[in-house]
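Using the sequences and the hints, build the whole thing.
2 protein chains.
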Amino acid sequence: MQRRQAEQVAAARVRATGERVTPARLRVLAALLRRGEAASHHELERDLAADAIDRVTLYRVLDWLVGQGLAHRISSADRAWRFTAADRRHDAHAHFHCNRCGKVLCLDEVKTPRLPAAMPRGFRAEGLEVTVKGICAGCA
Amino acid sequence: MQRRQAEQVAAARVRATGERVTPARLRVLAALLRRGEAASHHELERDLAADAIDRVTLYRVLDWLVGQGLAHRISSADRAWRFTAADRRHDAHAHFHCNRCGKVLCLDEVKTPRLPAAMPRGFRAEGLEVTVKGICAGCA
DNA sequence: GGTGCAGATGCAACCCTGTTGCGCTTGCAG
DNA sequence: CTGCAAGCGCAACAGGGTTGCATCTGCACC
Ligand SMILES: [Mn+2]
Ligand SMILES: [Mn+2]
Ligand SMILES: [Zn+2]
Ligand SMILES: [Zn+2]
Numbered sequence: 433m434q435r436r437q438a439e440q441v442a443a444a445r446v447r448a449t450g451e452r453v454t455p456a457r458l459r460v461l462a463a464l465l466r467r468g469e470a471a472s473h474h475e476l477e478r479d480l481a482a483d484a485i486d487r488v489t490l491y492r493v494l495d496w497l498v499g500q501g502l503a504h505r506i507s508s509a510d511r512a513w514r515f516t517a518a519d520r521r522h523d524a525h526a527h528f529h530c531n532r533c534g535k536v537l538c539l540d541e542v543k544t545p546r547l548p549a550a551m552p553r554g555f556r557a558e559g560l561e562v563t564v565k566g567i568c569a570g571c572a
Numbered sequence: 433m434q435r436r437q438a439e440q441v442a443a444a445r446v447r448a449t450g451e452r453v454t455p456a457r458l459r460v461l462a463a464l465l466r467r468g469e470a471a472s473h474h475e476l477e478r479d480l481a482a483d484a485i486d487r488v489t490l491y492r493v494l495d496w497l498v499g500q501g502l503a504h505r506i507s508s509a510d511r512a513w514r515f516t517a518a519d520r521r522h523d524a525h526a527h528f529h530c531n532r533c534g535k536v537l538c539l540d541e542v543k544t545p546r547l548p549a550a551m552p553r554g555f556r557a558e559g560l561e562v563t564v565k566g567i568c569a570g571c572a
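As you go down the protein sequences, you meet chains H and C in turn.
Quick note on numbering: the first sequence equals residues 433 to 572 in this note's numbering.
Quick note on numbering: the second sequence equals residues 433 to 572 in this note's numbering.
Straight-line C-alpha distance at most 30 Å; calculated DSSO-like pairs for lysine-lysine:
1) H:K565 <-> C:K535
2) H:K565 <-> H:K543
3) C:K543 <-> H:K535
Since the hints were derived computationally from the structure, they do not count as laboratory data.
In structure tokens, the structure reads:
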């Protein structure tokens, strides 16, 4: 998404929550919208380098965005979370995780199966994640 | 698995690798065999509390067991790895992760689908993980 | 356009999971 | 038995994320 459009969309979505509209929230959501792929905390810090936002504030803003349903948190094997703007439902498709560089992306064309009908006694299924692991184009 | 049997099986498997047979390797593998479910580093430390093993050694032994194919490493959303004795292939079935307590267990009856045939240009799929998230019996 | 205050921010210090470096110990081949 | 490569324990470190607390600010209310 273009810079200008990202800023406008971010402003509209943050306003729509009815919660406080702050520069950090606007800037972080716009940064997520500008990137297509899932971004780690570290990558976002770099994107926001000009007039940087505090490390902790960035964590808190990301939590808030996830809590508001404006962002998704994807956990990957390298123990670092990735975030995407909530343009899509991420429970309906699989995600790819590069074994080499840790990059994460949505495999929109790979659908996830439905929740398993039979669970062990007392267990309740709430969600399903399908992760394809391998080597990305950049690392091949 | 019973304590006595776990020790015997562990001894046989460690010997069979042709590598050095050390007390730490025997004790850790036996601990994994005694537990049915996936165990975190922390849980294993507690299991081995009597005459404890060094924290770093435990990490190194777990790495070694995984490298030898005697244990599987399962990564979960709480950023702590879990380990199981390699009695089963863990790429063929789904895993359950409790959203509340972090417990992980094998859903042997839930089979994973085959690797997706079509991947984005330049991407190579090597493995597939299916994770069901929800609330476990203990947390319900 | 003020004003008050809940809630957001920045900073420092912290926690958890896992690693690295290095000197000492030990399994085991010969 | 002996030598030594491999394994072990300890201390220090690293990355990713959290907590406590003082200060600042969006915005509801006037
Ligand atoms: Mn997705
Ligand atoms: Mn399994
Ligand atoms: Zn890659
Ligand atoms: Zn639970």
